[in-house]
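A.B. asks: Here are the chains, one letter per residue:
2 protein chains.
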Amino acid sequence: MVPLGGANQPLLHGGDLAAARRLFPDAPEPFLDLSTGINPNPYPLPVLPAEIFARLPDSAALEQLAAVAAAAYGAPSAGYVVPAPGTQILLPLVCGLIPPGRAAILTPTYSEHAPAAVLAGHAVAELRDIAAVGNADLVLVTNPNNPDGRLLAKADLLALARTLKARGGLLAVDEAFMDVAPPGASLASEVARGNIVVLRSFGKFFGLAGIRLGFALATPPLAARLAALLGPWAVSAPALAVGTKALADGDWIENSRRALADAAARLDTILCKAGLHVVGGTPLFRLAQTHAAGELFHHLGRAGIFSRRFPQQPTWLRFGLPAGEPQWQRLQMAMAEFRDSR
Amino acid sequence: MVPLGGANQPLLHGGDLAAARRLFPDAPEPFLDLSTGINPNPYPLPVLPAEIFARLPDSAALEQLAAVAAAAYGAPSAGYVVPAPGTQILLPLVCGLIPPGRAAILTPTYSEHAPAAVLAGHAVAELRDIAAVGNADLVLVTNPNNPDGRLLAKADLLALARTLKARGGLLAVDEAFMDVAPPGASLASEVARGNIVVLRSFGKFFGLAGIRLGFALATPPLAARLAALLGPWAVSAPALAVGTKALADGDWIENSRRALADAAARLDTILCKAGLHVVGGTPLFRLAQTHAAGELFHHLGRAGIFSRRFPQQPTWLRFGLPAGEPQWQRLQMAMAEFRDSR
Chain A
1 MVPLGGANQP
11 LLHGGDLAAA
21 RRLFPDAPEP
31 FLDLSTGINP
41 NPYPLPVLPA
51 EIFARLPDSA
61 ALEQLAAVAA
71 AAYGAPSAGY
81 VVPAPGTQIL
91 LPLVCGLIPP
101 GRAAILTPTY
111 SEHAPAAVLA
121 GHAVAELRDI
131 AAVGNADLVL
141 VTNPNNPDGR
151 LLAKADLLAL
161 ARTLKARGGL
171 LAVDEAFMDV
181 APPGASLASE
191 VARGNIVVLR
201 SFGKFFGLAG
211 IRLGFALATP
221 PLAARLAALL
231 GPWAVSAPAL
241 AVGTKALADG
251 DWIENSRRAL
261 ADAAARLDTI
271 LCKAGLHVVG
281 GTPLFRLAQT
291 HAAGELFHHL
301 GRAGIFSRRF
311 PQQPTWLRFG
321 LPAGEPQWQR
331 LQMAMAEFRD
341 SR
Chain B
343 MVPLGGANQP
353 LLHGGDLAAA
363 RRLFPDAPEP
373 FLDLSTGINP
383 NPYPLPVLPA
393 EIFARLPDSA
403 ALEQLAAVAA
413 AAYGAPSAGY
423 VVPAPGTQIL
433 LPLVCGLIPP
443 GRAAILTPTY
453 SEHAPAAVLA
463 GHAVAELRDI
473 AAVGNADLVL
483 VTNPNNPDGR
493 LLAKADLLAL
503 ARTLKARGGL
513 LAVDEAFMDV
523 APPGASLASE
533 VARGNIVVLR
543 SFGKFFGLAG
553 IRLGFALATP
563 PLAARLAALL
573 GPWAVSAPAL
583 AVGTKALADG
593 DWIENSRRAL
603 ADAAARLDTI
613 LCKAGLHVVG
623 GTPLFRLAQT
633 HAAGELFHHL
643 GRAGIFSRRF
653 PQQPTWLRFG
663 LPAGEPQWQR
673 LQMAMAEFRD
683 SR
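The listed protein sequences correspond, in order, to chains A and B.
The C-terminal residue of the first sequence carries number 342 in this note's numbering, and the numbering is unbroken.
The C-terminal residue of the second sequence carries number 684 in this note's numbering, and the numbering is unbroken.
No lab work stands behind these hints: they were computed from the structure.
There may be inaccurate statements among the hints.
Computed footprint of chain A on chain B, listed as stretches where at least three residues anywhere in the stretch have a Cβ under 8 Å from a Cβ of chain A [unchecked claim]: (1) 442-451; (2) 466-477; (3) 496-505.
Some chain B residues near chain A, calculated using beta-carbon distances under 7 Å [claimed, not checked]: (4) L387; (5) P388; (6) A396; (7) P399; (8) A402; (9) L571; (10) W575.
Where a beta carbon is used, it is the ideal one built from N, C-alpha and C, also for glycine.
Please work from the sequences and hints to get the whole structure.
C.D. replies: Next up, the structure:
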């Protein structure tokens, strides 16, 4: 197995408390993990009967999940939905929907996109501007983007998809954080155009990243190719049960969107008071800039608060949301200490 | 999404109670599902704290699972183990470890092997005899085999692996039911030879198929390629927790092996008394032959007992194990009724 997050590896991802403990062995436990963009107030787990774990996931339950996901995300129908054990595993499969060619990735972004395109045989170019995709066959964008929250206009993406279509190219849009973006920004309703694949994460917005559930939205022929690669039981039965219930819970979804927006505003205030510049983000995470990012990362880490840094952007720190008043107080106190120490 | 088990599709797999209900809409519920080879007495689920579902699966927990699995299966070390959300999803990835060429599959066997080899670009030949693999680049065998239980000798498989190695070929051994096979039959301890990949299922022997957990055992370079395709969080956190506990529970494993062997013997007696010939199987399922297989399948189905038939082998029926005395009695009574009706 590939050793992930070993002591000498750079931290490619948030959420790895084993890595946090290696970095800050003397930090007080429990760690306050702000290194991810996962909703800290998860969807309440329904009772999961033991039989759910025992039996193979049911094909009828899978169909039902696809239908509920289509409605929740605004895809045309269940036939456009491929449930998967998280979107990560879908990345190389989606990149492989077209023959190896030139892939353009809008950066900085989620670190697994470029490797996935390479695994699918593409030559990868990293770009800063969607207008610069040139003659790429595959364009892979995160919208809204992680970590800076940049939101690409739907009209621009649709124009890009048209250009790509003329040469048999594919537009893949990772909408991992679209649940908390402005309404109408998703391309889920546009996948019938034929060369657009949208990825949707379940675990981030619903705060259940451990359960592993994500979706590809695409035309039925592309969806069938992805489903064949995943095979018949890719999604666990607990994920089927929880996902079907949560994606149909409009009240929880609406309330959580509001609560996350409020929490993000509160986090911005804390970051600003500590002298950081909030330069982007989504309601699930905030990106802050400071020349003291390295010191602050270590200060917080020693206090048992794990934030996210970016080796390529040494002045950036990304913060997820605390859950509950004690966690907010802990962050506020640590940030105030840092400010006062300088 | 590919519609799985739709009303007009042949039943490719066991365990699909939605399909059973379409076939036998008037059957008494609950169905007694004997259509799979899954242990009906599952490993007792540990308490799964809500936090397990909320957080991303931890890299340290993944390492620990790999180490426990290596010890349980007899692989050289954790570096030879790739945990995955079931072995199904690994099949096309394992077939893709060598360039597209000629794949030989020993049949009849699990119906997903040939499609997986095709997905990886191979031309597939189905063979009845391991001696007939000819100039295949990839040989894919199930050992012990499903549904007939045929066990290939380790020496023969190792000789085949040597032959394949000389031409850069790969031997993939699906050991989905090896947990209940005679000791020493597994090739898990031989994967260091370099061109052997062993697949191990967690859900069948431990009776937790809904959780989706399986393993590829292979040399570290091959394991790293598979792990990269799966990405960092392919296995759900509940599966990590349950798998790590169960695979280390030697007492449960030992007791279950004995109990399954006893149950298989009891099932054989019932099948024989009803006039069926038991022609193969493993302790997790029995393969019976009778010219009345079609009638018996429907008789049992109408009584709410779902067995497994095989479109290509119309005289075969496969039976999984009942759990608990009421289920045994229900099967016994339905089989006696069938015998008396003829």
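A.B. asks: Hint by hint, note whether the structure agrees.
C.D. replies: Quick rundown of the hints versus the structure:
With a threshold of 8 Å between beta carbons, the proposed coverage of the stretch 442-451 of chain B by chain A is violated, since 0 of its residues qualify and at least three are required. Counting residues of the stretch 466-477 of chain B whose CB lies closer than 8 Å to any CB of chain A gives 0, so the stated coverage by that chain is violated, three being the minimum. Coverage of the stretch 496-505 of chain B by chain A is violated. Counting CB-CB distances below 8 Å, 0 residues qualify, and the rule asks for three or more. Hint status for L387/B relative to chain A: holds, with the closest Cβ pair at about 6 Å, below 7 Å.
Here the hint on P388/B is broken, as its CB sits about 11 Å from the closest CB of chain A, past 7 Å. The interface hint given for A396/B holds, since its Cβ lies 5 Å from the closest Cβ of chain A, which is under the 7 Å cut-off. A cut of 7 Å between beta carbons decides the hint on P399/B: the least distance to chain A is about 6 Å, and the hint holds. With its C-beta approaching chain A no nearer than about 3 Å, A402/B sits inside the 7 Å limit, and its interface hint holds.
Taken as an interface hint, L571/B checks out: its beta carbon lies about 6 Å from the nearest beta carbon of chain A, inside 7 Å. Hint on W575/B holds. Least Cβ distance to chain A is approximately 6 Å, under the 7 Å limit.
Of the numbered hints listed earlier, those contradicted by the structure are 1, 2, 3 and 5.
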